[in-house]
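Colleague: Residues per chain are reported as follows:
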Amino acid sequence: MPVAQQGETRSWKRRTTKAQFAVWFGWLLGVAIFVYCWQLISEKTIWMFVTDAPHQAADMAERMVPPKWSYMDSLWAPVWDTINIATLGTLMALIFAVPVAFCAARNTTPSRTLVRPLALFVIVSSRSINSLIWALMLVTLIGPGVLAGVIAIGLRSIGFCAKLLYEAIEEIDSTQVEAIVATGAARSQQLSYGIVPQILPAFAGISVFRWDINIRESTVLGLVGAGGIGLQLDASISTLAWTQVSLILIVILATVIVSEWVSAKIRHAII
Amino acid sequence: MSTTSPVRRWKRPPFIANPTLRWGLWVGAAIYLALAFGTMEVDWGRVAEGVERGHRFIASFFPPDFTSRWDSIQDGILESMWMTITSTVIGIMLSIPVGLGAARNLAWRPVYLFCRGILAVSRTFPEIILAIFFVKLFGFGPFAGFLALSIGTIGFYGKLLAEDIEDMDPVQAEAVKSVGAGWLQWLNYAVQPQVMPRMIGLGIYRLDINFRESAVVGIVGGGGIGATLLTSFDRYEFDSAAAILLVIIAIVMSLEYTSGYIRKWVQ
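Protein chains in written order, with my numbering: chain A, 1 to 271; chain B, 1 to 267.
None of these hints come from the bench; they were simulated from the model.
C-beta: ideal position from N, C-alpha, C; glycine also.
Treat the hints loosely; a few may be bogus.
Computed cross-link-like contacts, DSS-like style, restricted to lysine-lysine with a CA-CA straight-line distance of at most 25 angstroms [as the list claims (entries may be wrong)]:
| id | chain 1 | residue 1 | chain 2 | residue 2 |
| --- | --- | --- | --- | --- |
| 1 | B | Lys-177 | A | Lys-44 |
| 2 | A | Lys-13 | B | Lys-159 |
| 3 | B | Lys-136 | A | Lys-68 |
| 4 | B | Lys-159 | B | Lys-11 |
| 5 | B | Lys-136 | A | Lys-265 |
| 6 | A | Lys-265 | A | Lys-163 |
| 7 | B | Lys-136 | A | Lys-163 |
If the Cβ cut is set under 7 angstroms, some of the chain B residues that face chain A in the computed set are [claimed, not checked]:
| id | residue |
| --- | --- |
| 8 | Met-40 |
| 9 | Arg-46 |
| 10 | Glu-52 |
| 11 | Thr-124 |
| 12 | Pro-126 |
| 13 | Gly-139 |
| 14 | Pro-142 |
| 15 | Phe-143 |
| 16 | Phe-146 |
| 17 | Gly-180 |
| 18 | Trp-183 |
| 19 | Pro-193 |
| 20 | Leu-246 |
| 21 | Ile-249 |
| 22 | Val-252 |
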């Protein structure tokens with residue numbers, strides 16, 4: 001126990017002197033790095049704009065009210081597209097994620113040396129690129145529209161779903177599988193009676209969870225032209241139609257809240 | 001008279017027990033899919049054209065062109081990193097008071113509701129939408145991206161911090177209180193040691209997320225590597241784009257491994 005000695009009195013201290021110095025040095029280093037980074041950002045910032053920002057924000061807020069409710073008529077189709085992008089994208093991701101997950105899980109993979117690293121690579125590369133970047137690529141390749149959005153969401157979600165699913169597969173109870181094997185079941189029967197029932201709740205949970213995230217992400221895909229309500233947002237901002245922008249923000253907020261509520265309800269029902 | 005017992009066969013129990021709900025869900029899903037595919041407008045001619053471009057794009061990965069745009073790639077990556085670090089630090093610093101306020105066992109009721117409100121609002125909008133507005137307000141450049149990421153960090157970190165504090169062991173907190181600690185001492189010696197290991201891990205995880213996001217805010221003008229990437233796509237310079245993507249993947253992967261390693265080490 002670290003103790004400070006002051007004449008006759010000994011009092012408890014949290015750290016030894018050495019540890020205290022190490023902690024201080026760590027803080028010093030952290031602060032130095034932070035200040036350095038801040039300096040660089042500050043150089044690239046026009047501070048006049050920043051000091052002017054509260055005024056600008058008030059001005060913008062003033063232009064945004066009241067929301068142009070009549071614009072809602074032309075928003076239903078983009079909202080429908082947004083939901084479709086998220087749902088179909090999740091569906092596509094799940095179709096690809098299931099085989100990838102089975103290949104990546106240690107206990108079900110056909111080959112640990114060959115197939116597993118490949119599956120893990122698919123998972124990592126799909127996860128490390130944001131769906132907006134996928135969309136940017138796909139819009140350049142297959143043209144703007146909902147399809148690019150669906151594929152972008154799908155590609156981004158494969159890694160996420162497969163990662164969670166293969167972790168669930170690795171955590172299954174092996175005694176149940178053993179029991180099925182003992183009855184003389186073939187490999188495909190082991191899969192469908194031993195493993196699948198155990199991971200089905202996890203699978204349903206993962207799909208709903210990812211769907212919820214995808215709704216959020218698909219609201220912005222339109223910014224690069226991949227369909228959905230983001231297209232309208234981008235168009236309204238570029239034409240400075242602020243009353244439309246505020247309506248779109250309200251719609252996005254409502255969609256996100258509803259989707260969160262739905263996914264929470266479903267997950268609650270499953271678990 | 002021989003009795004033949006009726007053959008009983010085992011059937012596996014269905015995942016959803018209620019048959020009406022089960023079949024209803026199937027039918028609903030079928031109708032939805034039909035509608036969704038029916039209303040999706042796809043220009044197949046344009047898609048076919050894209051296949052050829054896709055070949056060119058994939059071919060440009062072998063080899064990617066790191067050299068001709070290296071200066072702007074380097075600038076973009078460095079800018080992304082500054083944004084990542086500053087926004088994580090500031091975001092976490094701001095989220096600590098909000099998180100403390102949003103913990104039910106710590107805060108006074110109105111404060112609790114107020115802080116929960118802040119967290120809910122900052123979590124709803126994606127960082128990109130925040131970035132668009134900040135670009136409008138503060139002009140192009142990393143400052144707008146930095147602010148958007150900081151606000152995203154507050155929502156994420158504050159919520160998890162609040163939940164962690166709500167889950168802490170009240171016995172230890174009471175022990176520290178009973179020796180006569182003041183409120184700040186109580187926080188420092190009872191609450192902080194309990195939540196610290198997990199919060200360090202989450203902070204590193206958020207650093208990781210912020211880097212990924214910082215690659216995207218550039219697309220709307222918020223500075224960082226995203227702007228460089230957008231430019232290279234707009235110019236159809238696929239080989240430079242491939243190089244940028246590879247750099248992003250490499251950094252994200254190494255960040256993910258280090259953050260996983262540090263989190264394991266802390267816990």
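Colleague: Now look at each hint and say whether the structure bears it out.
Modeller: For each hint, the structure was consulted:
Distance hint between Lys-177 of chain B and Lys-44 of chain A is unfulfilled; the C-alpha atoms sit about 48 angstroms from each other, more than 25 angstroms. Restraint check for Lys-13 of chain A and Lys-159 of chain B: not satisfied, since their Cα atoms lie roughly 32 angstroms apart, outside the 25 angstroms limit. Pair hint Lys-136 of chain B plus Lys-68 of chain A holds up; C-alpha atoms about 21 angstroms apart against a cutoff of 25 angstroms. Restraint check for Lys-159 of chain B and Lys-11 of chain B: the C-alpha separation of about 45 angstroms exceeds 25 angstroms, so the hint is violated.
Note on Lys-136 of chain B and Lys-265 of chain A: the hinted pairing is violated, with a Cα-Cα distance of about 37 angstroms set against a maximum of 25 angstroms. For a cut-off of 25 angstroms, the pair hint linking Lys-265 of chain A to Lys-163 of chain A stands: about 23 angstroms separates their Cα positions. Taking the CA atoms of Lys-136 of chain B and Lys-163 of chain A, the gap is about 38 angstroms. The hint is violated against a cut of 25 angstroms. Using the Cβ-Cβ criterion of 7 angstroms, the hint placing Met-40 of chain B at the interface with chain A is satisfied: the shortest such distance is roughly 5 angstroms.
For Arg-46 of chain B, the shortest C-beta to C-beta distance to chain A is roughly 4 angstroms, which falls under 7 angstroms, so the interface hint holds. Using the Cβ-Cβ criterion of 7 angstroms, the hint placing Glu-52 of chain B at the interface with chain A is not satisfied: the shortest such distance is roughly 9 angstroms. The closest approach between the C-beta of Thr-124 of chain B and any C-beta of chain A is roughly 5 angstroms, which is under the 7 angstroms cut-off, so the hint is satisfied. The closest approach between the C-beta of Pro-126 of chain B and any C-beta of chain A is roughly 5 angstroms, which is under the 7 angstroms cut-off, so the hint is satisfied.
Look at Gly-139 of chain B: its Cβ gets to within about 4 angstroms of chain A, closer than 7 angstroms, so that hint holds up. A least Cβ separation of about 5 angstroms between Pro-142 of chain B and chain A falls short of the 7 angstroms threshold, and the interface hint therefore holds. The restraint placing Phe-143 of chain B at the interface with chain A holds, with a minimum CB-CB distance near 4 angstroms, inside the 7 angstroms limit. Against a cut-off of 7 angstroms between C-beta atoms, the interface hint on Phe-146 of chain B holds, since the closest Cβ of chain A lies about 6 angstroms away.
For Gly-180 of chain B, the suggested interface contact is broken, since its CB lies about 14 angstroms from the closest CB of chain A, more than 7 angstroms. The interface hint given for Trp-183 of chain B is violated, since its Cβ lies 18 angstroms from the closest Cβ of chain A, which is over the 7 angstroms cut-off. Checking Pro-193 of chain B against chain A by beta carbon gives a least distance of about 9 angstroms; that is not within 7 angstroms, so the hint is violated. A cut of 7 angstroms between beta carbons decides the hint on Leu-246 of chain B: the least distance to chain A is about 10 angstroms, and the hint is violated.
With a least beta-carbon distance of about 5 angstroms to chain A, the hint placing Ile-249 of chain B at the interface is held under the 7 angstroms criterion. This hint holds: Val-252 of chain B has a C-beta 4 angstroms from the nearest C-beta of chain A, less than the 7 angstroms allowed.
When the structure is compared with the earlier hints, violations turn up for hints 1, 2, 4, 5, 7, 10, 17, 18, 19, 20 and for no others.
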